[in-house]
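2 protein chains.
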Amino acid sequence: MSGLKEKILGAVKDELLTIEKELEKNLDPYLDLVREIAGHLLFSGGKRLRPLLMVLSARLCEYDDEFGFKFSCIFEYLHAATLLHDDVIDGAGMRRGKPVANSIYGNAMTVLTGDFLLAKALSIAAESGNIKVMKIIGDITGDMAQGEIHQLSKVGDVTLTENEYMQVIRNKTAVLFMGACRLSAVLADAGEEAEKALADYGHNLGIAFQMADDLLDYTADVETLGKNPGADLREGKLTLPVIYSLANADEKDRLLMEKIIKNKEFSANDFKILLNLLNNYGGISYTSNLALEYVQKAKESLKCFGRSETLDILYLIADYASERKG
Amino acid sequence: MSGLKEKILGAVKDELLTIEKELEKNLDPYLDLVREIAGHLLFSGGKRLRPLLMVLSARLCEYDDEFGFKFSCIFEYLHAATLLHDDVIDGAGMRRGKPVANSIYGNAMTVLTGDFLLAKALSIAAESGNIKVMKIIGDITGDMAQGEIHQLSKVGDVTLTENEYMQVIRNKTAVLFMGACRLSAVLADAGEEAEKALADYGHNLGIAFQMADDLLDYTADVETLGKNPGADLREGKLTLPVIYSLANADEKDRLLMEKIIKNKEFSANDFKILLNLLNNYGGISYTSNLALEYVQKAKESLKCFGRSETLDILYLIADYASERKG
Numbered sequence: 001m002s003g004l005k006e007k008i009l010g011a012v013k014d015e016l017l018t019i020e021k022e023l024e025k026n027l028d029p030y031l032d033l034v035r036e037i038a039g040h041l042l043f044s045g046g047k048r049l050r051p052l053l054m055v056l057s058a059r060l061c062e063y064d065d066e067f068g069f070k071f072s073c074i075f076e077y078l079h080a081a082t083l084l085h086d087d088v089i090d091g092a093g094m095r096r097g098k099p100v101a102n103s104i105y106g107n108a109m110t111v112l113t114g115d116f117l118l119a120k121a122l123s124i125a126a127e128s129g130n131i132k133v134m135k136i137i138g139d140i141t142g143d144m145a146q147g148e149i150h151q152l153s154k155v156g157d158v159t160l161t162e163n164e165y166m167q168v169i170r171n172k173t174a175v176l177f178m179g180a181c182r183l184s185a186v187l188a189d190a191g192e193e194a195e196k197a198l199a200d201y202g203h204n205l206g207i208a209f210q211m212a213d214d215l216l217d218y219t220a221d222v223e224t225l226g227k228n229p230g231a232d233l234r235e236g237k238l239t240l241p242v243i244y245s246l247a248n249a250d251e252k253d254r255l256l257m258e259k260i261i262k263n264k265e266f267s268a269n270d271f272k273i274l275l276n277l278l279n280n281y282g283g284i285s286y287t288s289n290l291a292l293e294y295v296q297k298a299k300e301s302l303k304c305f306g307r308s309e310t311l312d313i314l315y316l317i318a319d320y321a322s323e324r325k326g
Numbered sequence: 001m002s003g004l005k006e007k008i009l010g011a012v013k014d015e016l017l018t019i020e021k022e023l024e025k026n027l028d029p030y031l032d033l034v035r036e037i038a039g040h041l042l043f044s045g046g047k048r049l050r051p052l053l054m055v056l057s058a059r060l061c062e063y064d065d066e067f068g069f070k071f072s073c074i075f076e077y078l079h080a081a082t083l084l085h086d087d088v089i090d091g092a093g094m095r096r097g098k099p100v101a102n103s104i105y106g107n108a109m110t111v112l113t114g115d116f117l118l119a120k121a122l123s124i125a126a127e128s129g130n131i132k133v134m135k136i137i138g139d140i141t142g143d144m145a146q147g148e149i150h151q152l153s154k155v156g157d158v159t160l161t162e163n164e165y166m167q168v169i170r171n172k173t174a175v176l177f178m179g180a181c182r183l184s185a186v187l188a189d190a191g192e193e194a195e196k197a198l199a200d201y202g203h204n205l206g207i208a209f210q211m212a213d214d215l216l217d218y219t220a221d222v223e224t225l226g227k228n229p230g231a232d233l234r235e236g237k238l239t240l241p242v243i244y245s246l247a248n249a250d251e252k253d254r255l256l257m258e259k260i261i262k263n264k265e266f267s268a269n270d271f272k273i274l275l276n277l278l279n280n281y282g283g284i285s286y287t288s289n290l291a292l293e294y295v296q297k298a299k300e301s302l303k304c305f306g307r308s309e310t311l312d313i314l315y316l317i318a319d320y321a322s323e324r325k326g
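Quick note, the sequences are listed as chains U and P, same order.
If you're matching positions, the first sequence starts at 1 in this note's numbering and goes up one per residue.
If you're matching positions, the second sequence starts at 1 in this note's numbering and goes up one per residue.
Calculated directly from the structure, the hints in this document are not laboratory data.
One thing to keep in mind: the hints can contain errors.
Since the list gives no way to pick one copy over another, a pair counts as held whenever it fits inside one copy or between any two copies.
[To be verified] With a straight-line cut-off of 20 angstroms between C-alpha atoms, the simulated PhoX-like cross-links for lysine-lysine are:
#1 K135 - K25
#2 K135 - K70
#3 K299 - K264
#4 K25 - K70
#5 K299 - K13
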């Protein structure tokens with residue numbers, strides 16, 4: 001498993017270095033403070049998965065590497081903007097093993113730096129001179145905000161359905177992955193088939209990625225996760241392992257689970273009981289299998305492209321999405 | 001004075017009704033909750049000054065009215081987005097005589113609804129099919145965020161200079177006015193002279209408007225203002241009346257002012273003492289006169305356009321900017 005991650009990192013080492021440089025270069029605020037706050041999150045060891053997807057997709061479409069790298073920043077800035085706004089929202093204490101920005105700089109600065117990053121993403125996108133690119137970025141931004149609002153409006157709601165969960169993770173996560181992959185085809189003018197193939201790849205990958213992320217909150221330890229497990233539940237966020245188990249539990253166990261969920265101050269022992277029930281009622285394996293199905297779909301989406309080193313890396317990333325441990 | 005406001009409102013009654021309808025129509029979220037939260041602020045009796053400026057500028061450039069109205073929503077949505085984020089930041093209790101959105105819906109929903117409105121502004125702008133429009137909107141958004149951050153980073157700083165104050169209000173306020181006026185010339189392809197004229201008008205108007213706004217915090221009463229006077233100071237925001245007076249006061253009075261400013265819990269009597277000093281050291285009249293100068297500059301910017309009913313309204317709006325009472 002961890003071999004997969006190292007294999008990918010080995011194959012894209014140079015690309016990740018270039019992405020890092022571009023992220024530094026394009027940030028370009030007039031205030032040093034903005035660089036400091038944005039940098040606190042932005043340069044704290046993110047995976048750079050979204051810009052990497054853009055760069056690799058662009059290569060698949062034979063788009064000029066130089067522009068591919070530049071425009072790939074759009075997706076890391078958008079991602080960082082939502083993380084900064086999320087931190088204000090969640091009030092979470094740690095991210096990537098560091099205290100969250102708002103605990104150092106306050107909510108106000110954190111919200112505004114998120115706005116700045118969002119604006120920066122737009123300004124870079126506008127440099128493409130391509131209006132379809134702008135439409136895609138505008139729609140992604142709106143979908144992400146609505147996905148987050150949707151999720152937030154269902155906090156603590158034990159009647160949340162799998163369908164609604166899918167709608168939430170599509171908007172809050174998958175549209176950005178989809179955008180990163182699709183945009184390169186649009187920029188490269190690679191045609192409808194390539195655009196659809198890459199959009200589907202990104203979408204399915206994003207769904208698998210979010211499901212794996214939601215699983216980690218139940219299966220990983222604090223070091224791997226960079227935060228405490230069970231954090232989603234403590235915030236009242238119900239994800240697929242819980243939704244599926246609630247739907248399939250008998251009356252007695254369902255009530256027990258609901259009791260634990262509704263008490264956000266649940267003990268370590270409560271969490272253990274819940275984890276057992278998630279395993280017994282198949283919530284963990286169901287989510288894990290469904291993530292694998294989406295990985296499979298993601299790979300199949302790219303069948304119109306001929307075999308290449310780049311394609312192989314995109315396959316590896318798909319495998320990694322569902323298998324990652326952190 | 002209030003005759004001026006009524007004269008403008010009489011002249012643009014139909015336009016304001018159409019703007020209202022467009023704001024409702026183009027909002028179009030997939031979640032009812034988003035409409036509710038956005039609507040709480042958006043449909044609470046805003047002046048619609050920014051969309052109105054866009055519509056009037058568009059007419060001056062003989063741009064199609066229908067599109068002028070549609071794209072004018074961009075500026076009210078952007079404005080509302082920053083107000084929602086500001087409310088989270090300021091923690092202010094009231095806006096437009098109503099409790100602020102975050103006191104009802106919480107910080108999280110309020111930040112995200114702001115993000116949604118920002119995204120909506122972009123998506124509408126992208127429908128113009130004009131990449132220069134997108135670049136302008138992206139840059140405005142970045143400038144506004146940096147202006148707010150700049151202001152926030154200087155909270156309680158009694159060494160803030162007039163130059164820095166100008167930079168802050170340019171970014172946080174004037175660029176949006178400038179954008180609303182300039183964009184119509186870009187959309188109408190009205191040429192560089194018209195674009196520059198309208199940009200200058202919007203910029204100067206925005207500066208005058210913000211100065212007048214900052215004055216109101218010292219001169220208006222709670223009913224006119226919709227919130228308590230002295231609110232800026234209570235948040236540690238130093239504006240021109242204070243900056244100018246501090247720079248011109250003798251040692252003793254300067255120290256007295258600084259003492260009042262630094263104690264954010266200042267009493268009504270402290271505020272009265274401060275107000276007296278602002279009058280004595282000319283901070284009030286200096287700001288008021290400077291606002292008038294910018295109004296004059298705004299009007300002069302439009303001299304390349306022939307006389308018309310629309311031009312007359314833009315002149316009236318310029319006069320109103322510095323004379324308004326709320």
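Hint numbers the structure violates, sorted upward? Violated: hints 3 and 5.
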